[in-house]
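Undergrad: If you're matching them up, the sequences are chains A and B in order.
In terms of the numbering used here, the first sequence has 14 at position 14, counting the first letter as 1, and numbering is strictly consecutive.
To get the numbering used here, take the position in the second sequence, counting from 1, and add 392.
None of these hints come from the bench; they were simulated from the model.
Since we're looking at a predicted model, the values are computed, not measured.
Please note that the accuracy of each hint is not assured.
Claimed, not checked - Only part of the chain B face toward chain A is listed, based on derived beta-carbon distances under 7 angstroms:
{"no.": "1", "residue": "Leu410"}
{"no.": "2", "residue": "Ala412"}
{"no.": "3", "residue": "Thr414"}
{"no.": "4", "residue": "Trp442"}
{"no.": "5", "residue": "Pro476"}
{"no.": "6", "residue": "Val477"}
{"no.": "7", "residue": "Pro479"}
{"no.": "8", "residue": "Val480"}
{"no.": "9", "residue": "Thr484"}
As the list claims (entries may be wrong) - In silico lysine-lysine, DSBU-like type, Cα no more than 35 angstroms apart, as pairs:
{"no.": "10", "chain 1": "B", "residue 1": "Lys489", "chain 2": "A", "residue 2": "Lys220"}
{"no.": "11", "chain 1": "B", "residue 1": "Lys398", "chain 2": "A", "residue 2": "Lys229"}
{"no.": "12", "chain 1": "B", "residue 1": "Lys398", "chain 2": "A", "residue 2": "Lys193"}
{"no.": "13", "chain 1": "B", "residue 1": "Lys402", "chain 2": "A", "residue 2": "Lys236"}
Every residue gets a Cβ at the ideal spot worked out from N, C-alpha and C, and that includes glycine.
Here is how the chains run, residue by residue.
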Amino acid sequence: MRKLLAITGNEAIAYAMKQINPDVVAAYPITPATEIVQIFSQYAADGEVNTEFVAVESEHSAMSATIGASAAGSRAMTATSSQGLALMWEMLYIASALRLPIVMPEVNRSLSAPINIHADHSDTMGARDSGWIQIYCENAQEAYDSLIQAVRIAEECLLPIMVTIDGFIISHAMEGVETFEDKDVQNFIGKYKPAHPLLDINHPITIGAIDFNDYYFEHKRSQIEAMNKVEPVILKIAQEFNKTFGRSYGLFEEYMMQDAETAIVVIGSTAGTAKVAVNNLRKQGKKVGLLRLRVFRPFPAEKLSKALSNLKAVAVLDRSTGLNAYAGPVCTEVASSLYTNSEKKPKILNYIYGLGGRDIFVEDIENVYKDLEKVVKTGRTENLINYIGVRE
Amino acid sequence: MSEEKKKGWKELPIGATLEAGTAKEYKTGDWRNIRPVWNKEKCIQCLRCWIYCPDSSIILKDGKVAGIDLDHCKGCGICSEECPVKPVKAITMVSEKQSK
C-alpha cells in the first residue's frame with residue numbers, strides 16, 4: 001500500500017535510501033544535508049537496512065570510501081552539500097572515470113566565502129564537468145522518485161549520478177510525499193550485478209592504473225561517449241517508472257509552453273514560484289510559459305533548443321554566477337545550444353538570483369516576464385546579465 | 393612500445409579496467425641512476441634486503457637470495473643500506489654509467 005507521509009526533503013531522501021537498501025553508505029555530515037545521513041545511520045543502527053555504514057572523517061574520505069565500496073562491487077551511496085562536495089572534488093572525477101555507478105543525493109548550498117549555509121547552485125554547478133549525471137529536483141516528491149530512478153540510471157550507464165534539492169527551501173520544508181512499499185522499490189531497482197567487481201577473486205583486475213599520453217585521450221573519449229548515451233536511458237527508465245508508479249518525468253518539464261511567446265528557463269525549487277507567476281499572467285491573457293530544466297548533465301541541448309526555438313524571448317534564471325564567465329552556467333549552455341541547434345534564435349536574458357539563499361518572490365518573476373515583453377516590443381536587450389533582489 | 397599498434401577508444405575496456413598484475417609487464421628498471429651489485433661470496437643470507445626492498449626486486453631461489461631483478465629495481469639503495477655485512481657490504485651501489 002502506498003503511504004502519504006508529511007516529511008521534509010531530507011527525510012524523503014533518507015526514506016528512499018532506506019528502501020534502496022544500499023550495501024555501503026560512507027558519509028560525513030554537512031548542513032543542510034546532515035539529516036539525510038543522520039536519519040540513515042539510525043536506520044542502519046536499528047537494523048532496518050543491511051547497509052555497512054561508514055562514518056568517515058571528511059567528505060574527501062566519504063567519496064573515497066564510496067568509490068572503494070563501489071569498485072569492490074557493492075551498491076554504494078553517500079550524500080553531501082556545498083563545501084562537502086567541494087572537498088570531494090578530485091574524487092568526483094575518479095568516480096566517473098572509473099565508471100562507478102555511485103548515487104549521491106546533494107543538497108544545494110552556496111560556497112564560501114562569505115560563509116553561508118543557504119540555497120544556491122554554486123556547489124553542483126562547479127561539479128558540472130566532472131562526468132557525473134546531474135538531476136535537479138523541484139520538490140521532495142521528485143527527490144524521492146528521482147533517487148529511485150537514479151539507481152537504475154547509474155547502473156545501466158555505469159556512471160555516477162547526483163540528485164539535488166535546494167537547501168532548506170526543500171531539504172527542511174515539510175510536504176506531502178507519496179511513498180511506495182519497500183518491495184515495490186526493490187522490484188523496480190532490481191538486484192545489482194556489478195560489471196567488474198574487485199572482490200571477484202577468480203577474475204583479478206587492476207583499476208585506476210596510470211595512463212600516459214599514449215592512452216589517456218582514448219579513455220576520456222570513451223567516457224564522453226558513455227555520457228552521450230545517458231539521455232535515452234533516463235527517458236526509458238522514467239517511462240518505466242511512470243508505468244509502475246504513475247508519475248511522469250522527463251529531461252525537462254514544459255509548463256504552458258504550447259502557445260507561449262516568452263518563457264523562463266529555471267532549475268530547482270524556484271520553478272514552483274514561477275508556475276504561480278505564469279498562472280497569474282495567463283489569467284491576464286499573456287502568452288507566457290516555463291521550462292524547468294531537470295537533467296543538466298548530460299545537457300539535453302537538442303531537445304531543449306527545439307522546445308525554445310519558437311519563442312520570441314527567453315529569460316534564463318541562474319541560481320549561481322559564473323563570476324567572469326560570459327553568463328551564468330545555465331544561460332551559457334542554453335544560449336550555446338540555441339546558437340548551434342536552431343535556425344530561429346529567440347532573444348536571451350540572463351537573471352542571476354537567490355545567491356546564498358536570497359528569497360525570490362512571485363512578483364520578481366512577473367517582473368522578468370514584463371522585461372521579456374519589453375524586449376519583444378522593442379526588439380532590443382539592454383543587458384544580457386541582470387540581477388534579481390540584490391541591493392544597489 | 394613504438395611498433396605496437398595502439399588501440400582506439402572503442403576497443404578499450406570500460407573504466408580503464410585492466411587484468412591484474414600489469415606492473416610485472418611494465419619494466420621500470422630504466423629509471424635507475426645507481427644499481428645494486430650483489431656479492432654472492434659475501435652474502436650471509438639474512439634476507440634483510442628481501443624484506444626491505446620496496447619493489448620486490450630481490451630474487452629468491454629455494455629461500456635464498458639468488459640475484460636482483462634489474463627490470464624493476466629503481467636503485468633506491470635500501471637493500472645496500474640494510475645489508476649488515478661488514479666491513480664491505482654484500483650489496484654495494486654503483487652508478488649506472490660505471491657499470492656499463
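Undergrad: Checking one constraint from the list: CA of B/Lys402 to CA of A/Lys236, max 35 angstroms. Satisfied?
TA: holds, 24 angstroms
Undergrad: Against chain A, with CB atoms and a cut of 7 angstroms, does the hint on B/Thr484 hold up?
TA: violated, 32 angstroms
Undergrad: Is the interface hint satisfied for B/Thr414? The criterion is a beta-carbon contact with chain A at less than 7 angstroms.
TA: This interface hint holds because 5 angstroms falls under the 7 angstroms limit.
Undergrad: Is the hint on B/Val477 kept, meaning its closest Cβ partner in chain A is under 7 angstroms away?
TA: Result: violated, 37 angstroms to nearest chain A Cβ.
Undergrad: Hint check: is the beta carbon of B/Ala412 less than 7 angstroms from a beta carbon of chain A?
TA: With Cβ-Cβ at 3 angstroms, under 7 angstroms, it holds.
Undergrad: Please verify that hint: B/Trp442, Cβ, nearest Cβ of chain A, below 7 angstroms or not.
TA: violated, 24 angstroms
Undergrad: Below or equal to 35 angstroms on CA atoms is what counts here, so check B/Lys398 against A/Lys193.
TA: Judged against 35 angstroms, a Cα distance of about 31 angstroms means the pair holds.
Undergrad: Return the status of the interface hint for B/Val480: holds when the least beta-carbon distance to chain A is below 7 angstroms, violated otherwise.
TA: Constraint on B/Val480 not satisfied, violated at 38 angstroms.
Undergrad: Holds or violated: is there a CB of chain A closer than 7 angstroms to the CB of B/Leu410?
TA: Holds. Min distance 4 angstroms.
Undergrad: Next pair to validate is B/Lys398 with A/Lys229; report whether the Cα-Cα distance is within 35 angstroms.
TA: The hint holds at about 25 angstroms.
Undergrad: Does the structure keep B/Lys489 and A/Lys220 at a Cα separation of 35 angstroms or less?
TA: violated, 40 angstroms
Undergrad: Does the closest beta carbon of chain A sit nearer than 7 angstroms to the beta carbon of B/Pro476?
TA: Violated: closest Cβ of chain A sits about 36 angstroms from B/Pro476, beyond 7 angstroms.
Checked against the numbered hints given earlier, this structure breaks hints 4, 5, 6, 7, 8, 9 and 10; the rest are met.
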